[in-house]
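Please work from the sequences and hints to get the whole structure.
Sequence lines, in order, name chains A and B. For the first sequence, UniProt numbering begins at 1 and goes up steadily by one. For the second sequence, UniProt numbering begins at 1 and goes up steadily by one.
No lab work stands behind these hints: they were computed from the structure. Check before you lean on any hint, since a few could be wrong.
[As the list claims (entries may be wrong)] What the simulated footprint calls covered on chain B by chain A, stretch by stretch (three residues with Cβ under 8 Å from a Cβ of chain A suffice, anywhere in the stretch; the number is not a length):
#1 33-44
#2 85-96
#3 128-139
#4 156-169
#5 201-214
[Stated by the list, open to error] Heads up, incomplete: computed chain A residues facing chain B, CB under 7 Å, no partners named:
#6 Leu84
#7 Val85
#8 Gly99
#9 Gly135
#10 Arg139
#11 Gln156
#12 Gly189
#13 Phe191
#14 Trp212
#15 Val215
#16 Gly218
#17 Pro253
#18 Leu254
#19 Ser303
[Stated by the list, open to error] Not close to chain B: a few residues of chain A, all C-beta gaps over 10 Å, as computed:
#20 Ala20
#21 Ser78
#22 Pro82
#23 Pro153
#24 Ile209
#25 Glu213
#26 Ser224
#27 Glu255
#28 Glu270
#29 Arg345
#30 Gln378
#31 Arg381
Note that the Cβ used here is the ideal one computed from N, Cα and C, for glycine as well.
Protein chains: 2
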Amino acid sequence: MAASPWGIDNLPYGVFSRSAGETPRVGVRYGDHVLDLAGALHDEVFATGSLNAFMARGAAAWRDTRALIRNKLGTDPSAVEPHLVPLGRVTMHLPIEVGDYVDFYCSLEHASNLGRILRPGDEPLKPNWRHLPVGYHGRAGTVVASGTPIVRPCGQRGAGVFGPSAKLDIEAELGFVVGAPTELGSRAGRFADHVFGVTLVNDWSARDIQGWEYVPLGPFLGKSFATSISPWITPLEALGAARVPGRAQDPEPLEYLRRDEPWGLDLTLEVALNGEVVSRPPYREMYWTPDQMLAHMTVNGASLRTGDLFASGTVSGSEADRRGSLMELTWNGAEPVKLSDGSVRGFLEDGDTVTITATAPGPGGGVIALGEVSGTVQPAR
Amino acid sequence: MAASPWGIDNLPYGVFSRSAGETPRVGVRYGDHVLDLAGALHDEVFATGSLNAFMARGAAAWRDTRALIRNKLGTDPSAVEPHLVPLGRVTMHLPIEVGDYVDFYCSLEHASNLGRILRPGDEPLKPNWRHLPVGYHGRAGTVVASGTPIVRPCGQRGAGVFGPSAKLDIEAELGFVVGAPTELGSRAGRFADHVFGVTLVNDWSARDIQGWEYVPLGPFLGKSFATSISPWITPLEALGAARVPGRAQDPEPLEYLRRDEPWGLDLTLEVALNGEVVSRPPYREMYWTPDQMLAHMTVNGASLRTGDLFASGTVSGSEADRRGSLMELTWNGAEPVKLSDGSVRGFLEDGDTVTITATAPGPGGGVIALGEVSGTVQPAR
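Take a look at the structure:
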């Protein structure tokens, strides 16, 4: 099993149920099974319906629990076997109760592309962009589990123009889940002491609604209808072999944004539209690293809660086929993506399914897979 | 007691405790007392530490409960007397578990003033402003109870400039608390079927941090360090005599923003700085009414949760002494407010206390008071 991308070096956490009536429970994915942790570890913290109570125990507990699970799986498989449930027999749920959801804008290429598309002739980046990781709060209550249908949103697309969005898009992102909180008025400490793990995020976006509403207070209804996350939260410990130094930054960031440890991550995302891969965004090319996002988000004394989610913003690489949104891949619809059935897409059509997956280097030359995030577009109501 | 602004026609809900060890409980304010509802009504929903469980029961339960309380207070005072606790003996807490927090920008005068200050020479209002209530998500996790100290935030105030905010400001607002939720993909129905009541909000703002960070995704750290709300949630039913038609709108809003019922509110706020009144913002002059905010916020199918809070944005009147922020009252510090001790304020100094109160017309020529929201500035850490 060691060579599997879902083997003992991965072990992401999720929340599952085996039947409609059952209170969802915490498990780790192991191959094609879910290990029921409440049963295997005799700990009721895993029978509470979300990861939050476990995450709130803090980083030392996260390490100990992972070591315990690895030990049991490695040395005493017969003892855990009764607690392994085939994936095909479970329903996966939203793994966390989301506190606040913050979305950043950390890809130099994404921010530059959007600037070129939306403000042609102007400097693509705003003056603050290289000085701080730009971010904003999204709607926590509409963060949904992978598989949740995405109803095409209606809204204003201009002065007096109302209707279903005609520019429904995706944003392929990496999300970071806060486990250990901070007090109001203080700053976060070390990244790994607060952040429990990562998840894939699809920040569905209605470009026409967003374009009309967003000045001067930022995106609102163009984003708030749904944000999908994968059912599996990959613990930071599983990403040790993926850690790389962050990309060079110019100008050098202020002291509070200094990188003390390498938290660049060599993850490759894969975006599939109706089963066809349309992009492979490279996370390692991101300009701002997640430790910098965390430091920035709390430098004003804003507190963190267990379950807070912050996301990278669209992951777009320097190559044209490695961009993380249709807006960029099709240059605002002008250069549609061609699918093998002969159809083309500028933006999403009703019935389209988008699935984002990712892999990272694992220990000893292996590969770690992240849980997929998927959603299908339903017609506007 | 009927003539008191805290009499039987008011009865706002809050969460209190009588000793440090006690689980906070729900009560209504009646004169200078709190009526302990778990005791008086024999209902454990009021012993759950917040208003959320009660609010989730829906509008019919809100009406029935209020009628029951009024009946008990009016007809059988001796039976409720054992459950009346003097205000001086209780500690008040954050009354709700906040789901999502959305801040709107509904005052024509406030938006125009900020446009004139920040973009002199340009058209003060952005093209979308008269077509939709502009809003954005704030940080729910840093919504705090009145009385919580406000630590002056640090942050970037320009390229390479870091330090404590030198332009710490207030925003006097009215907040609306969602009681009854909606499903993802559907729109909210009647305003009074979803909104439980109102609270006063001080949306503390660091103007220098905000000014540098806010393009293109909106305010973030300039706001997220703290938002204070009053401990008392005034139920909509107590505001019947305050309801007025909304201000005339040009152009006529789209169908989904049409006002079916009068939800303008004739509330007068009062902003006191170290005990001296510096402004009396008139809520009835607001351009966008709260029913329009609710309709807009959910027109894209975004769901509501019990405990969601949405606020009006700064309440500023057309007269210069009725503006709801120091930014406007002092015209970005150029025309400082003079206090009776001879000192002046462009923005807030450490140790300053800001208290916002409000009154509204009650039935029969009476007056309804809203709970005050107060906070004192502490030095940066």
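Checked hints:
{"no.": "1", "hint": "33-44", "in the structure": "violated (count 0)"}
{"no.": "2", "hint": "85-96", "in the structure": "violated (count 0)"}
{"no.": "3", "hint": "128-139", "in the structure": "holds (count 9)"}
{"no.": "4", "hint": "156-169", "in the structure": "holds (count 4)"}
{"no.": "5", "hint": "201-214", "in the structure": "holds (count 5)"}
{"no.": "6", "hint": "Leu84", "in the structure": "33 Å, violated"}
{"no.": "7", "hint": "Val85", "in the structure": "28 Å, violated"}
{"no.": "8", "hint": "Gly99", "in the structure": "5 Å, holds"}
{"no.": "9", "hint": "Gly135", "in the structure": "6 Å, holds"}
{"no.": "10", "hint": "Arg139", "in the structure": "5 Å, holds"}
{"no.": "11", "hint": "Gln156", "in the structure": "6 Å, holds"}
{"no.": "12", "hint": "Gly189", "in the structure": "14 Å, violated"}
{"no.": "13", "hint": "Phe191", "in the structure": "18 Å, violated"}
{"no.": "14", "hint": "Trp212", "in the structure": "6 Å, holds"}
{"no.": "15", "hint": "Val215", "in the structure": "5 Å, holds"}
{"no.": "16", "hint": "Gly218", "in the structure": "2 Å, holds"}
{"no.": "17", "hint": "Pro253", "in the structure": "10 Å, violated"}
{"no.": "18", "hint": "Leu254", "in the structure": "5 Å, holds"}
{"no.": "19", "hint": "Ser303", "in the structure": "6 Å, holds"}
{"no.": "20", "hint": "Ala20", "in the structure": "19 Å, holds"}
{"no.": "21", "hint": "Ser78", "in the structure": "43 Å, holds"}
{"no.": "22", "hint": "Pro82", "in the structure": "37 Å, holds"}
{"no.": "23", "hint": "Pro153", "in the structure": "4 Å, violated"}
{"no.": "24", "hint": "Ile209", "in the structure": "7 Å, violated"}
{"no.": "25", "hint": "Glu213", "in the structure": "6 Å, violated"}
{"no.": "26", "hint": "Ser224", "in the structure": "4 Å, violated"}
{"no.": "27", "hint": "Glu255", "in the structure": "8 Å, violated"}
{"no.": "28", "hint": "Glu270", "in the structure": "26 Å, holds"}
{"no.": "29", "hint": "Arg345", "in the structure": "21 Å, holds"}
{"no.": "30", "hint": "Gln378", "in the structure": "8 Å, violated"}
{"no.": "31", "hint": "Arg381", "in the structure": "6 Å, violated"}
Consistency note: the structure conflicts with the earlier hints numbered 1, 2, 6, 7, 12, 13, 17, 23, 24, 25, 26, 27, 30 and 31.
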